[in-house]
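Using the sequences plus the hints, can you model the full thing?
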Amino acid sequence: MNGIHDMGGMHGFGPVQAEKDEPVFHEPWEGRTHALNRALGAWKKWNIDTGRFGIEQIPPAEYLRMSYYEKWFTRNVELLVKTGLVSRAELESGRPEPGSALRTPPLRAGGVAAIALDRGIASSVEPAVTPLFAIGERVRAKNIQPVGHTRLPRYARGKTGEIHLDHGVYAFPDTSAHGLGENRQHVYSVRFAARELWGHEAPARDSVHIDLWDEYLERA
Amino acid sequence: MNGIHDMGGMHGFGPVQAEKDEPVFHEPWEGRTHALNRALGAWKKWNIDTGRFGIEQIPPAEYLRMSYYEKWFTRNVELLVKTGLVSRAELESGRPEPGSALRTPPLRAGGVAAIALDRGIASSVEPAVTPLFAIGERVRAKNIQPVGHTRLPRYARGKTGEIHLDHGVYAFPDTSAHGLGENRQHVYSVRFAARELWGHEAPARDSVHIDLWDEYLERA
Amino acid sequence: MEDHQHQLVPSEMALRVKALESLLVEKGLVDPAALDALVDTYENRVGPRNGARVVARAWTDPAYKERLLRDAPGAIAELGFLSMQGEHMVVLENTPRVHNMVVCTLCSCYPWPVLGLPPVWYKSAPYRSRAVIDPRGVLREFGVEIAPEVEVRVWDSTAELRYIVLPERPAGTEAATEDALADLVTRDSMIGVALVRLA
Amino acid sequence: MEDHQHQLVPSEMALRVKALESLLVEKGLVDPAALDALVDTYENRVGPRNGARVVARAWTDPAYKERLLRDAPGAIAELGFLSMQGEHMVVLENTPRVHNMVVCTLCSCYPWPVLGLPPVWYKSAPYRSRAVIDPRGVLREFGVEIAPEVEVRVWDSTAELRYIVLPERPAGTEAATEDALADLVTRDSMIGVALVRLA
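These protein sequence lines map, in sequence, to chains P, E, S and D. My numbering runs 104 ahead of the 1-based position in the first sequence. My numbering runs 104 ahead of the 1-based position in the second sequence. My numbering runs 818 ahead of the 1-based position in the third sequence. My numbering runs 818 ahead of the 1-based position in the fourth sequence.
Worth double-checking, as some hints may not be accurate.
What the hints assert, rightly or not - Derived DSBU-like pairs (lysine-lysine); straight-line CA-CA distance at most 30 Å:
| hint | chain 1 | residue 1 | chain 2 | residue 2 |
| --- | --- | --- | --- | --- |
| 1 | P | K186 | D | K836 |
| 2 | P | K124 | D | K836 |
| 3 | P | K149 | P | K124 |
| 4 | E | K149 | S | K845 |
| 5 | E | K149 | E | K186 |
| 6 | D | K883 | P | K149 |
| 7 | P | K246 | E | K246 |
| 8 | E | K186 | E | K148 |
| 9 | P | K148 | P | K124 |
| 10 | D | K845 | P | K148 |
| 11 | P | K149 | D | K845 |
| 12 | E | K186 | S | K836 |
Quick caveat, the hints were computed from the structure, so don't treat them as lab data.
Structure representation (structure tokens):
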């Protein structure tokens, strides 16, 4: 979707404000929210694309107002309800519904060290999936306007670049986010000249590299 | 600027919510704010482009949160201070600074009927200003990223269309908003096919007509 | 979204606007009687009835319609709704083959002298964002289904031109008077998000 | 902007998060000890010191650097910061002619195992919006002026690849130990918004 999250190239948000000696979490609830997200992810009721789309669906005014972990929290509550792990009634009462089964968490403390080093994105080596483009080839990012989840940013659409790296094979976010299958395909680092993206006032040699899936691209 | 105001083509704001039997103003302060804007405009301390840029400078989260006339009010307060009509001290105290001169309002009640029928945009007939493009000509909206005020929406940049109407001569917003001169030039209604703007899934015959100044265009 | 916001902030905004007005009056920067007259003008004198009269005249007087489509400001001024030096305006004629619809994606441009002040939805993010990318979807939400073979033309009011739509005259109104026709013409039909229907 | 927000909402959010956690524990959906271990991991065990060790090794061991640039996950796993099946990672080498800088315009993708969790500014609208359109302006705000003849390459992490920058080794560190070098390497230098300087 052409959502507020797709903000590459926008003006008006002011200067970058770096915080000196920033703590990992500013409040304990941020740490708990981060941990809850990982622990709930272990249920494998949703994938990374579903999760991202959940955040993108926060209304724009709220998206800009909310702090980062507030968005995570909001998204996770929605996903818990949508996947049936928790009911609206339980969220309201704060207690399990009478008679609901006691589950066993898939992630225990002993399993944490391993997942900290692995975000669990499945391996990219799949010789059976043929790349549609070769390194060095000129490609154009398609001018498409998906209303669902997509990882093709607006600022690249219709722009021409060059295949710089072939990263291997990954699930396709536009289908994967919506339960429409992994639709695995090659992902490339595509180099776009800054001038192609932003016009002739951009520095001549600068570039932006964007990771794009086969289906986002067409021969230029 | 590529601001939040430039929202043509975005998703995620939800359905259009039309209000049945909507009043002209929902609260008396809205009517007063609208009237104050007109009455202050009569001082000619700023023009329509300055005024629009003032609203565009409201930070995005505030822009989306604020109601329409709240934005007008916020913009006008800024312009009053910037042009020296009112000082920050006066805004804070709510009283004129001691010794400040009593002015005479340029717009009196008797003048209201006339301006209600005329928004005061100067006439467009200026034979001395030659149009750069002819009706029927293929043009491309430039891929430019002005950080100041502009009326070339992002969704049209780099897209090709056709000159449909020549509207005559107008001040150029990109300079006019910043006190850099009227830079008067022709404005055209440019027809862009919906498919050119949004890709091949758009209806084949639909189009968007955008009013664009000579400097926004180049020969396609 | 926006039409709920004004419910949340009235008292604070009312106080802030009142304070600003007092200061400006005290400094001699605005005339409170002019403010009263402006509020009265837009609440009671200028509004979509003006536009409806123009449409009804165009429906009943072919020569007027021809002038309106060729020189909208002149033809509108004939009815007294525009000063002669006035507003730059273009009238867009809906036909069985073309449906026109007006938006201002960048702000809220709107033909005040003939339609009055725009409704909240016209100025809202949902309309401004979607009218250009999904006009048929927006029209559907207004209860208007445009046949696939009809061309939808969206007019984004990015400059000082102001657009009004001349809607199609509904069948069954052949005997209606100009006044009766004007009563049928809605604001939304002149923005292009509604058709004119018999009451 | 965002780094002020968390000051405004802590108590309400703290309550809401606590209520959700209690419910999830009571339903057996999460193990509170796992949550404790996760918080501890990201607060104390995973962070930019991991990345700094990788950079210092690459600066001091040419064969390691070669492996790192060719197969980042494998080389990083050698130091124990990545599981073997792990993260897909690419190391971008800064040189006198090329400056690399990493962003995620669409959300907040970041190489957790080697840099820990991203700082607020990295996830903020100002950085996400401007890094791709005005990287040199952003770098200037971080105190880094890139000469016009140097190529700036911005890497937008739109997929599952994670990027870290291998900054240039500062002059005057020829005699420094690997440990001493690791102490010089900042998080920001591995995102590409800072240069490594002698302390």
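Consistency of the hints with the structure:
{"no.": "1", "hint": "P:K186 x D:K836", "result": "holds, 21 Å"}
{"no.": "2", "hint": "P:K124 x D:K836", "result": "holds, 28 Å"}
{"no.": "3", "hint": "P:K149 x P:K124", "result": "violated, 38 Å"}
{"no.": "4", "hint": "E:K149 x S:K845", "result": "holds, 16 Å"}
{"no.": "5", "hint": "E:K149 x E:K186", "result": "holds, 10 Å"}
{"no.": "6", "hint": "D:K883 x P:K149", "result": "violated, 39 Å"}
{"no.": "7", "hint": "P:K246 x E:K246", "result": "holds, 19 Å"}
{"no.": "8", "hint": "E:K186 x E:K148", "result": "holds, 13 Å"}
{"no.": "9", "hint": "P:K148 x P:K124", "result": "violated, 37 Å"}
{"no.": "10", "hint": "D:K845 x P:K148", "result": "holds, 17 Å"}
{"no.": "11", "hint": "P:K149 x D:K845", "result": "holds, 16 Å"}
{"no.": "12", "hint": "E:K186 x S:K836", "result": "holds, 21 Å"}
Hint check: violations occur at hints 3, 6 and 9; the rest are consistent with the structure.
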